[in-house]
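Given the coordinates of chain X, assemble chain H onto it according to the supplied hints.
If you read the protein sequences in the order shown, they are chains X and H.
According to my numbering, the first sequence is numbered sequentially starting from -6.
According to my numbering, the second sequence is numbered sequentially starting from 10.
These are computed hints drawn from the structure, not numbers from a lab.
The beta-carbon is built from N, C-alpha and C at its ideal position, and this holds for glycine as well.
Hints should not be assumed to be uniformly reliable.
Claimed, not checked - Covered by chain H, per the in silico footprint, the following chain X stretches (three or more residues, Cβ under 8 Å):
(1) 38 to 52
(2) 177 to 188
(3) 265 to 278
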Amino acid sequence: MKNKKTDVSAGVLKTIGFKSTAGNKIITILIPILFFGICQMLVSYGVLGSLFEGLLVPLCFYIIMAVSLNLTVGILGELSLGHAGFMCVGAYVGGIFSFITQETITSPWIRFPLAILIGGLAAAIFGLLIGIPILRLSGDYLAIVTLAFGEIVKNIMQNIYLAKDINGLHFSFATAIDPAKLDMATKVDILKGPMALKGVPRDANLIVALVLVVITLIVILNLIDSRTGRAIMSIRDNRIAAESSGINITKYKLIVFGLSAFFAGVAGVLASHYNMVTEAKKFDYNTSILILVFVVLGGLGKMRGTIIATILLYALPELLRGLQSYRMLVYAIVLIVMMIVNNNPWFIEQRKRLKAFLFKNKKAEMEEN
Amino acid sequence: MKNLKRIIAMLMAATLMVAAFSACGDSQETTTAAQGDESNRAKTAEGGTFLIGGIGPLTGPAAVYGIAVQRGAQIAIDEINAAGGVNGMTLALDFQDDEHDAEKAVNAYNTIKDNGAKVLLGTVTSTPCEAVVEKTYEDGMFQLTPSGSSVNAICHENAFRICFSDPSQGTAAAQYIKENLGYTKVAVIYDNSDVYSSGIYEKFVAEAQVQGIEIVSAQAFSGADNKDFNTQLIAINNAQPEIVFLPIYYQAAALILQQSSKAGYNFKFFGCDGLDGIIGQLEGDAALAEGVMLLTPFVSDDPAENVQSFVQAYQAAYGEIPNQFAADAYDGVYTIKAALEQAQITDASADVREIGTALSEAILQITVEGVTGTMKWTEDGECAKTPKGMVISNGVYTAITQ
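In isolation and in its complexed conformation, chain X is listed as follows:
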């Protein structure tokens, strides 16, 4: 952990000092800032309606999810199908924390950062826990274990009963809390098994969400660019070579799993403090796969592409609402076409040409000016 910290802070310094790949990183960080800035402006001028306004914060937490999953899938090269499970842990732990403390800690400026930290750490602990037994696994086997993990987390959360009364918290697993143990006059149900978690204070807003996106990007981009990041990528490229060069695979795998889970947890906290209800059902393998689709379409290991793909793919079904019942069909077709086109050699060639053309033009313009 100590190593990572110094790497990150060195990375941040490097960013400020504009060295090596810093420019590229700044662009990647600027994309969401500009996108959300422009959108928020258009929303406040009434150009974009409340549908778009309502999409902005969810977009932020899906970006955090996709970028953190890309760290596992793209940089470490291990397929994880249980990313929504970490989000679930974060959403529930952070949400319950805020629910319980909303009367004692009244300022959201103190409560929400605490909730984020606690939710993120809880998810990170789960990430490390799952990281330890699966260190020997890779490829399909690891994918299956992570898939199972996500489902286990979902099922555990669906069976928790938690209530608060004057005597404190009461917890029960799989069966409802015995009413005799509760002080009925002051009883407040927090979690009732499969019932959704409701009543979490709505602390999240676009500014906070955007700040979290930027923090996530800074940490992950600098991690990739650091010594640690290079070690992680060497594990992806050739495990045996990396091991024989003295790279501690266990350590680096755990760093990636922990960090990736931490940010997924942060995204979960953001989600539970923005959405009106949080339902464990929501965090099933469909959500994990959805995030994986964002990552794959955006490009494995490519954070900028992931951000753009997340924005496009999450907003698309909402913007297709005008098509009524053909909406999901069109969405699926667009998805297939995008996947094929994105990997088509001819298309890639054209894209490069277009890029060259654009940049050449601008160069000429600038010289004229």
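Showing chain H alone in chain X's frame:
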């Protein structure tokens, strides 16, 4: 310099993207507006078009409910418009898909708000409803859910419902089993991951104690993915109940009926409104549903005149018998009409909050004779009406005769 150019390029791309998005937004609004125009085929009245927003699952596993609600509401709206509208206004429906997901339901709500909806008929399913009710409360929009049955689905003063609440169904089922059917040994199969099912189950257990019903076996399963109920059926068979209570949706119930018949068991089944649709789900095995009893507010073969005219109109338009969800939606639109008349709202362009406040007061004063019974509302948003006990015989729902 190279970086600067890149930044400029990205900026341009971002602007382009935003432009593309806003263009999408615009075109979408026009299409919905066009559809709105299309749907009120009747003459446009002076008061303008009063847009009713609807939200429900049109895709995904719960789509059957959303589609039924959309169709039921559309029939009522067409009827009302053909008869001259409400207070000089024409009604129109803007129904958006929520995929049975709370997050998408909020997006759908924002869409109908953008499209200019003044009241909300929805949402169809409970959990999305719990999320949307917070948004309508914020905006002061009047919300009437046809079928969102969980307690929290209408937790604010602007929200009302047509259907029974989950707890009231559990209580009513226990009372009905004891008082009308006279059984005291009951087994239950319920879905512990589902709000609807566990909500009913919890209250059923509580009321069963009061009624002196013995629950000989309570078997839980988890989620709609569960396809094998043999373990639960064996356990129930060992407990020898007089009747099996199924507070679940019809998809799982159909599997239970099939597997129970295959295993040679001969249980009597009793369910709630979620069992509505089971005959269609069983397809070739429809005979298995014979003798299944359920508590529901609506039956399509009720000889009452309003029920029959609704069933015929629905059949003519969509070629199928309406289920209870369609009936709830149909009543929902007529309730909105009655409340609009009571509140004397004549301007379709009035403020959402104004309309919302007026309607929330008006609905408490009216009584609506609907296809699901005679309805009156209380301040907590609940609708008072009596459930009818139904039994499936010869493939149709008929009232249980003692």
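These are the hints, each one checked on the structure:
1. 38 to 52: holds (count 10)
2. 177 to 188: holds (count 3)
3. 265 to 278: holds (count 6)
When the structure is compared with the earlier hints, no violation turns up for any of them.
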